[in-house]
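Undergrad: Sequence:
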Amino acid sequence: MTTGAVVEQVPAEPGTLVGGIERVLAYIVEVPAALLVLAEIGVLLAGVIARYVLQSPLVWSDELASLLFLWLAMLGSVIALQRGEHMRLTAVVSGMSPVWRARMEALALCAVAIFLLLIVAPAWDYADDEWFIETPALGIQNTFRAAALPAGAVLMILNAITRLLRLGLKDALFGVVSLAVIAAVLHWTAPILREAGNLNLILFFVALLGAGVLLSVPIGFAFGLATLAYLATLTRTPLTVVVSRMDEGMSSLILLAVPLFVFLGALIEMTGMARAMVAFLASMLGHVKGGLSYVLLGGMYLVSGISGSKAADMAAIAPVLFPEMIKRGSHEGELVSLLAASGAMSETIPPSLVLITIGSVTGVSIAALFTGGMLPAVVLAIALAFIARYRARTEDMRGVKRASGKTMLRTFLIALPALALPFLIRAAVIEGIATATEVSTIGIAYSVIAGLFIYRQFDWRRIYPMLVETAALSGAILLIIGTATGMAWALTQSG
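For what it's worth, my numbering labels the leading residue of the sequence shown as 7, then goes sequentially.
It cannot be assumed that every hint is accurate.
Stated by the list, open to error - With a Cα cut of at most 16 angstroms, we get these calculated EDC-like pairs of lysine to aspartate or glutamate:
no.	residue 1	residue 2
1	K333	E437
2	K407	D465
3	K295	E330
4	K295	E401
To be verified - Here are the in silico distance ranges between beta carbons for each label pair:
no.	residue 1	residue 2	range
5	E330	A426	22 to 32 angstroms
6	V98	F418	31 to 41 angstroms
7	V65	A494	30 to 40 angstroms
8	V360	I188	26 to 36 angstroms
Since the hints were made in silico from the structure, they are not lab data. Note that this is a predicted model, so its numbers are computed, not measured. Here a beta-carbon is modelled for each residue, glycine too, at the ideal position from N, C-alpha and C.
Model the full assembly from the supplied sequences, consistent with the hints where possible.
TA: Spelled out as structure tokens, the structure:
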């Protein structure tokens with residue numbers, strides 16, 4: 007699974023029309039998306055302060071946050087498409103020849119464009135229908151929130167077209183013709199498929215969906231296209247229903263925690279909090295064989311207890327440990343494998359985006375999921391530690407000295423403000439003191455204060471790229487949740 011394109015795409019020349027369009031689209035989308043992330047943090051932090059400090063809750067904060075959130079999700083999806091960061095499976099396509107990789111990339115982009123073209127009009131109708139609904143506290147028509155859906159779809163269509171133009175007309179034509187043939191076959195065989203009853207679900211949600219995923223169509227768009235193909239071919243259901251299900255899936259208040267924890271992960275890397283925790287663990291274990299592998303696993307466990315971004319976790323830990331581990335004889339490929347495995351191991355460690363998403367979709371208590379997520383990660387960490395120790399049996403330990411007690415104490419005191427944060431986050435949610443969204447907001451404020459006044463490491467120039475990347479990753483995640491919600495509705499209605 008990856009978020010990159012399967013074909014290396016060189017950015018368009020600055021003087022070309024395509025390059026100009028891409029720059030304009032990037033400016034139109036990235037600046038508002040970054041401001042929306044900041045606005046979400048500000049609104050939710052104001053709500054937390056009003057509720058817990060001033061004892062006077064802001065009744066409108068959740069409404070405003072929900073309105074901004076759908077726009078953030080859609081603009082983030084646009085940025086993810088611009089950068090080729092939507093989650094996709096590339097294992098099959100990567101093994102093809104360069105010519106066929108380019109064709110499959112074009113096919114995937116055409117699939118994305120067709121899905122978006124199919125939902126633009128229904129999304130517009132859905133937004134128009136929402137005009138008669140007002141928010142209780144602010145009295146704002148719901149159309150202003152729902153308009154994010156058609157606006158985001160149009161912007162993504164433009165981005166898909168520009169990326170197709172960079173691939174070339176021949177590859178783009180291959181994608182269009184291939185999908186046209188599939189659509190024609192489904193149209194001609196529709197009467198037969200209707201007679202097959204629920205067996206046709208295998209065709210649409212196993213064969214068609216599976217083929218799309220294997221051929222590197224981004225997962226969120228593959229879900230949506232399979233759902234639309236099923237409904238358009240075999241039912242008379244208006245496609246506005248699918249758009250409304252997407253809206254429902256992407257607008258859950260629980261999911262507000264997703265961009266906040268992603269940004270929090272970037273903050274702890276930028277402020278040096280993660281580095282301080284790793285340095286403390288290294289002072290205790292760095293002198294034993296496989297010790298730095300244990301530090302890597304422990305660091306991922308601790309940092310994942312704060313962050314919602316595995317990329318930020320890895321960026322915080324790898325640069326600190328990898329040079330010394332290579333010096334001791336470890337191979338780069340093996341280190342990358344251990345880092346990737348530790349990232350998978352830490353997926354259930356609170357505050358896990360996976361657990362937050364499951365809680366949003368299923369209605370299971372987030373506190374219960376956070377409580378249950380600890381043990382699987384511990385078991386996997388122990389298993390990885392045994393493997394790391396076995397692989398480190400030939401590690402060169404010459405010149406490696408054990409840290410003194412004074413050094414351990416010093417690194418502990420330096421790391422203490424950072425070490426406290428993951429425990430505070432888990433305790434606050436598990437004990438029911440605050441919601442995951444509120445805790446993530448508090449964590450951001452805590453990290454900013456720690457970076458400015460304790461660790462004295464805060465690069466203001468990195469804030470804007472971090473905000474944009476937060477929007478992109480959040481948009482990619484939320485689009486999958488939205489289209490998966492629509493697909494789940496279609497499966498339920500099929501009986």
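Undergrad: Hints numbered earlier in the text: which of these fail when held up against the supplied structure?
TA: Result: hints 1, 2 and 6 break, sorted rising.
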